[in-house]
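Colleague: Take a look at the letters that make up each chain.
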Amino acid sequence: MDVEILSRIQFAFTIAFHYIYPPMSIGLGLILVIMEGMYLKTGRKIYEDATRFWIKIFALIFGIGVATGIIMEFEFGTNWATYSKYVGDIFGSALAAEGIFAFALESGFLGILIFGWNRVSSRVHFFSTIMVFLGSLFSAIWIVVANSWQQTPAGYHIVGEGMNARAEITDFWAMVFNPSSVDRLTHVWIGAFLSGAFLVLSVNAYYIIRKRHLEIARPSFKIALIVATACSLMQLVVGHRSADGVAKNQPAKLAAIEGHYDTLAKADMFLLGYVNNKTQEVSGLKIPGGLSFLLHGNFNEPVKGLNAFPESDRPKQINAIFQFYHMMVACGISMIALTLFAVWQWKRNRLFETKWLMWIFVFSVILPQIANQAGWFAAEMGRQPWVVYGLLRTSDALSKTVTANQVLFSLIMFTVVYMLLLVLFLYLLNKKIKHGPVSDHAKEDIEESSKRNNPIMKQ
Amino acid sequence: METFLGLDYNVWWFLVFGGVISGYAILDGFDLGAGALHLLLNKEQSRRIAMNAIGPVWDGNEVWLVIGGGALFAGFPVAYAAIFSAFYVPFMIFMVGLIFRAVAIEFRSKEPMLWWRKTWDIVYNIACIVIALSLGLMLGNVAYGIPLNADKEFAGNWMSFFHPFPIMVSITTLALFLMHGAIYLTMKTENRLYTKMHLLANNFTVFFVLSFVITTLYTLLYIPHLCDQFRQNPSLFLLPVLMILAIANIPRQIKKGLYRYAFLSSAVTIALLLIMVAVEIFPYLLYASNDIKNSITIHNAAASAKTMKILLIIALIGTPLVGLYTAFVFWTFKGKVKLDEMSY
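Residue numbers (the working numbering), protein chains in the order written: chain B, 141 to 599; chain F, 6 to 349.
Bound-form chain B, shown alone:
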């Protein structure tokens, strides 16, 4: 395999693995702010216990998010040196701003969040929780801005020729608020809130089924259910706006998403399907004219198809993009249906008695994860063959001095290390969940005394 495909696999793998964690920490951050706020307002111990419990899980998730995130920041330089030179002015500024305005805020206050309970007042602790949450939101802003600029470049001009060409900023705010920034950012934020909320739903549903920690699990479940319901409904609106933006700014990507080859009136929208790239046909369940209606409010308005673009300027893996996109939408719809049904059961006072519903919630934690990953893959693969849409091709963006063997070596290394991380993460997460939201005082005391009495532990 050549450097290009290996580097793409490496980037996709490291970013996909990284992208499991930050959305969960953003979403959990929101839940923590609500729970700790409730604790300060009501003074009820159950909210304090819930907050302390979720902070421990937050720390675990955050730790892996940071460790894998630092890799991303430097991978642009190691594997994509030409790209780095090309976009340094723009992408670099966004990364620098992320580090100084967002990540520093988040990491600085994280210490107080985890270790500060006995050192600062409860108000200062709550303030730190809010700062960590804000920091994570700001992080998302700069990262999504940087990525959105790759999708819909704005506020720049090109200087130099050929291999020495590069983009320079002409208008900072036009770069930040490029045509897709706001749509994509809100879409990512809400996706993140959903992954946090569904994690809390899943764990508490498990406690409710097992009849453990009920006094904490029930109110926590309700808080998360409100967040999840509101966010999954909002995502419908925001996601639609995002798709509208893609239609306007990246028509080839939109065509790929629906496997739409010929520019005809009455463009269909598929609920499920399979794209045959050779025959240029899609077979599956469709709404005739649905795509035209969704984009133009009219069933008969034509939508630009893939064949309107030169072969070299459009993505290749149409079926994969189609499937990822539809997977995301299916997960989104499932989340809406599930949360609305749960709210209805809540109104009928039967929420916690419906055991099968609780079991669905236990496994539903995977829905926002699939949606986030699939959405990301659809967005990134849909942009191909461009790394910066319409400006720089992925094949030109590589580091010229790095060899296939070096990339292969690092890819194998990351695969091994990340698999180990994933196993340990799941093991420890499971253990924390089994342990549950109760005080550790008693346990620590026992541990300490057993250490004193245990001759093996003595050095």
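The set of hints was computed from the structure by calculation and includes no laboratory data. Please read all numbers here as calculations on a predicted model, not as lab measurements. Ideal placement from N, C-alpha and C gives every residue a C-beta, glycine not left out. Don't take every hint at face value.
Pairs of lysine-lysine, DSSO-like flavour, derived with a Cα cap of 30 Å [claimed, not checked]:
{"hint": "1", "chain 1": "F", "residue 1": "K48", "chain 2": "F", "residue 2": "K314"}
{"hint": "2", "chain 1": "F", "residue 1": "K343", "chain 2": "B", "residue 2": "K571"}
{"hint": "3", "chain 1": "B", "residue 1": "K196", "chain 2": "F", "residue 2": "K261"}
Chain F is faced by these chain B residues, among others (derived, beta-carbon under 10 Å) [said to hold, decoys possible]:
{"hint": "4", "residue": "R192"}
{"hint": "5", "residue": "F202"}
{"hint": "6", "residue": "Y223"}
{"hint": "7", "residue": "F243"}
FRET-style restraints, in silico, Cβ to Cβ [said to hold, decoys possible]:
{"hint": "8", "chain 1": "F", "residue 1": "I127", "chain 2": "B", "residue 2": "K181", "range": "42 to 48 Å"}
{"hint": "9", "chain 1": "F", "residue 1": "I297", "chain 2": "B", "residue 2": "L560", "range": "30 to 36 Å"}
{"hint": "10", "chain 1": "F", "residue 1": "I127", "chain 2": "B", "residue 2": "R490", "range": "36 to 42 Å"}
{"hint": "11", "chain 1": "B", "residue 1": "M559", "chain 2": "F", "residue 2": "L45", "range": "27 to 33 Å"}
{"hint": "12", "chain 1": "F", "residue 1": "L215", "chain 2": "B", "residue 2": "M303", "range": "45 to 51 Å"}
{"hint": "13", "chain 1": "B", "residue 1": "I552", "chain 2": "F", "residue 2": "R197", "range": "42 to 48 Å"}
{"hint": "14", "chain 1": "F", "residue 1": "P152", "chain 2": "B", "residue 2": "R533", "range": "25 to 31 Å"}
{"hint": "15", "chain 1": "F", "residue 1": "P152", "chain 2": "B", "residue 2": "K574", "range": "27 to 33 Å"}
{"hint": "16", "chain 1": "B", "residue 1": "I270", "chain 2": "F", "residue 2": "D345", "range": "56 to 62 Å"}
{"hint": "17", "chain 1": "F", "residue 1": "N47", "chain 2": "B", "residue 2": "K574", "range": "28 to 34 Å"}
{"hint": "18", "chain 1": "B", "residue 1": "T182", "chain 2": "F", "residue 2": "D345", "range": "23 to 29 Å"}
{"hint": "19", "chain 1": "F", "residue 1": "M118", "chain 2": "B", "residue 2": "I427", "range": "54 to 60 Å"}
{"hint": "20", "chain 1": "B", "residue 1": "W313", "chain 2": "F", "residue 2": "Q237", "range": "26 to 32 Å"}
Based on these hints, arrange chain F on the given structure of chain B.
Modeller: Then chain F, alone, in the frame of chain B:
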């Protein structure tokens, strides 16, 4: 060339980048040092105290690396691209070190089993040593120079990194962090552990001084391009003099029990060391060892003037903020370490 307070933007950003890297070395330096001596502590209780001494701050310290990476990417994209693609292999090893350091701290306390804790202790210790050595190796190579072609791209292979000079810098960096970390732990510990840290701090100071002296002598004898500035401007000799005073102050303050001043002295030592490197390489960011014309400088690697201006604004707003909450966090956790239920 646009200027701000009499200096052009490129020089300003070189100073900002240097400041961030010094901040990183001073802050992450002590927690890496504390990790690099971890296995010298042989009691479970001591190891826990040492880990909790850095527990609330190490993550915030690592942020400076992220800011430094962003600063180099934004301000000098050509240098960022060349340095990280050239140092591909050592950098990958460095990053694996960072991953394992982070997860070892996070995972160690989560299980009571002896084998679990011992394994993570070893992983943590090795990761910190690997991080320190690879950082030093890269710094040494940046100062010494690597072969670059006319397109300012790396023209060597991975063997190009293993000259005696970068290896000496690498060992000196480890020694420096060990000294810095041991001094930090004297501030945070009590009783017998404190006595041990006190001894280690003195021993590592000796180790650092020896490796520094050897590296300096080697530089003076064999690497003329790293001494030019000093030869031309004898007033620069003030820097090494200040550094000797700062190092000499360390055992003195430890003896007096004023650990905060000892720590401050070792922080000043780190800053002065990096300032001396910066003075010597300026205006180069990456020296081409094969042909000086191919070198990457703060001018030919820079982003546009407009970006430089934006970056300076970002730095002017951001740095005081970061300083403010870094200070707040350190102030919150001042004093000796006391283990509680949230500790590692």
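Colleague: Does each hint hold? Answer for all of them.
Modeller: To see whether the hints hold, each was checked on the structure:
The suggested pairing of K48 (chain F) with K314 (chain F) is violated, with an alpha-carbon distance near 52 Å, which exceeds 30 Å. For the proposed pair K343 (chain F) and K571 (chain B), the alpha carbon gap of about 26 Å is at most 30 Å, so the pair holds. Simply put, K196 (chain B) and K261 (chain F) have alpha-carbon atoms about 40 Å apart, too far for the 30 Å limit, and the pair is violated. Interface restraint check: R192 (chain B) against chain F, minimum CB-CB distance 8 Å, threshold 10 Å, status holds.
With its C-beta approaching chain F no nearer than about 8 Å, F202 (chain B) sits inside the 10 Å limit, and its interface hint holds. Interface hint at Y223 (chain B): satisfied, since its Cβ lies 8 Å from the closest Cβ of chain F, which is below the 10 Å cut-off. This hint holds: F243 (chain B) has a C-beta 5 Å from the nearest C-beta of chain F, less than the 10 Å allowed. I127 (chain F) and K181 (chain B) have their C-beta atoms about 46 Å apart, which keeps the hinted 42 to 48 Å range intact.
For I297 (chain F) paired with L560 (chain B), a C-beta distance near 45 Å fails the hint of 30 to 36 Å. The hinted range of 36 to 42 Å is not satisfied by I127 (chain F) and R490 (chain B), whose Cβ atoms lie roughly 53 Å apart. M559 (chain B) and L45 (chain F) have their C-beta atoms about 32 Å apart, which keeps the hinted 27 to 33 Å range intact. Separation of L215 (chain F) from M303 (chain B) is about 47 Å and conforms to the stated range, judged on CB atoms against 45 to 51 Å.
For the pair I552 (chain B) and R197 (chain F), the supplied restraint of 42 to 48 Å holds, since their beta-carbon distance comes to about 45 Å. Checked against the hint of 25 to 31 Å, the pair P152 (chain F) and R533 (chain B) passes, with Cβ atoms roughly 29 Å apart. A hinted range of 27 to 33 Å is violated for the C-beta pair P152 (chain F) and K574 (chain B), which are about 56 Å apart. Checked against the hint of 56 to 62 Å, the C-beta distance between I270 (chain B) and D345 (chain F) comes to roughly 23 Å, which is inconsistent with it.
At roughly 32 Å, the beta carbons of N47 (chain F) and K574 (chain B) sit within the given window of 28 to 34 Å. Taking 23 to 29 Å as the suggested C-beta distance range, the pair T182 (chain B) and D345 (chain F) conforms, at roughly 25 Å. Restraint check, M118 (chain F) to I427 (chain B): a C-beta distance of roughly 57 Å satisfies the suggested window 54 to 60 Å. Evaluation of the 26 to 32 Å hint for W313 (chain B) and Q237 (chain F) yields a failure: the beta carbon distance comes to about 45 Å.
When held up to the earlier numbered hints, the structure conflicts with 1, 3, 9, 10, 15, 16, 20 and fits the remainder.
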